[in-house]
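*Asks:* Take a look at the letters that make up each chain.
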Amino acid sequence: GESVGLHLPTLSVQEGDNSIINCAYSNSASDYFIWYKQESGKGPQFIIDIRSNMDKRQGQRVTVLLNKTVKHLSLQIAATQPGDSAVYFCAEILNNFGNEKLTFGTGTRLTIIP
Amino acid sequence: KAGVTQTPRYLIKTRGQQVTLSCSPISGHRSVSWYQQTPGQGLQFLFEYFSETQRNKGNFPGRFSGRQFSNSRSEMNVSTLELGDSALYLCASSLGAAGDTEAFFGQGTRLTVV
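The listed protein sequences derive, respectively, from chains A and B. Just so you know, we're using the numbering used here here: the first sequence kicks off at 1 and counts up by one. Just so you know, we're using the numbering used here here: the second sequence kicks off at 1 and counts up by one.
It should be emphasised that the hints constitute simulated quantities derived from the structure, not laboratory data. Do not take every clue at face value.
[What the hints assert, rightly or not] Across the chosen pairs, the derived CB separations fall in these ranges:
#	chain 1	residue 1	chain 2	residue 2	range
1	A	E15	B	G28	32 to 40 Å
2	A	T111	B	A2	29 to 37 Å
3	B	N59	A	N53	39 to 47 Å
4	A	N27	B	P61	17 to 25 Å
5	B	Q18	A	V70	44 to 52 Å
[As the list claims (entries may be wrong)] When the alpha-carbon atoms are kept at most 27 Å apart in a straight line, the in silico DSS-like pairs for lysine-lysine are as follows:
#	chain 1	residue 1	chain 2	residue 2
6	A	K71	A	K56
7	A	K56	A	K101
8	A	K42	A	K68
9	A	K42	B	K57
10	A	K71	B	K13
11	A	K68	A	K56
12	A	K101	B	K57
13	A	K68	A	K101
14	B	K13	B	K57
15	A	K42	B	K13
16	A	K101	A	K42
The beta carbon of each residue, even a glycine, is placed where N, CA and C say it ideally should be.
With the hints as constraints, model all of the structure from the sequences given.
*Replies:* Structure representation (structure tokens):
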């Protein structure tokens with residue numbers, strides 16, 4: 001079956017340092033992957049996505065790396081800021097005969113230490 | 001452009017009752033997905049509606065149902081409430097086109113069953 005999991009439930013990083021959040025997935029047929037950020041009291045917010053035919057994608061201060069060999073996904077946040085404190089979810093999308101189903105991981109809580 | 005609106009924000013119900021939650025997607029979005037978020041299970045997919053039809057369904061019992069109206073607004077209903085149904089219910093809207101990965105979430109409805 002499909003499952004998406006995270007290596008670490010919590011992560012604390014000094015402000016200004018880089019952070020890396022990891023995610024493992026089990027369904028090699030997944031078509032793309034998304035990282036979401038959820039701040040307290042808010043719904044998840046889209047950060048960045050990556051298609052299964054890519055191994056790296058960069059955004060503003062964020063980079064997602066995909067290693068299909070070991071079914072591993074990571075989110076790198078550069079020069080972390082207090083506003084980066086949140087729970088980060090990875091999600092995989094499986095396209096099943098035209099229907100796309102989004103499956104979320106359990107989340108990692110990132111705390112930025114001032 | 002207004003975001004995704006969920007009502008009500010908070011709800012308290014007793015066991016055995018039923019509840020209806022509402023989600024108004026972003027204007028122009030035709031897909032609405034519902035998720036249940038709990039501390040123990042994380043974000044779990046309930047179902048997705050597109051153009052008034054249920055397009056995808058998660059692994060929840062039949063007590064959980066939904067519908068979508070012609071204006072893309074969606075409602076989900078939970079009948080015969082159980083204590084374990086206490087959760088944050090999130091809806092997400094998107095254009096719904098294949099390959100469209102960016103879903104926008106509402107702030108959720110916090111349901112407490114007592």
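*Asks:* Would you list, in rising numerical order, the hints stated earlier that this structure does not obey?
*Replies:* 3, 8, 10
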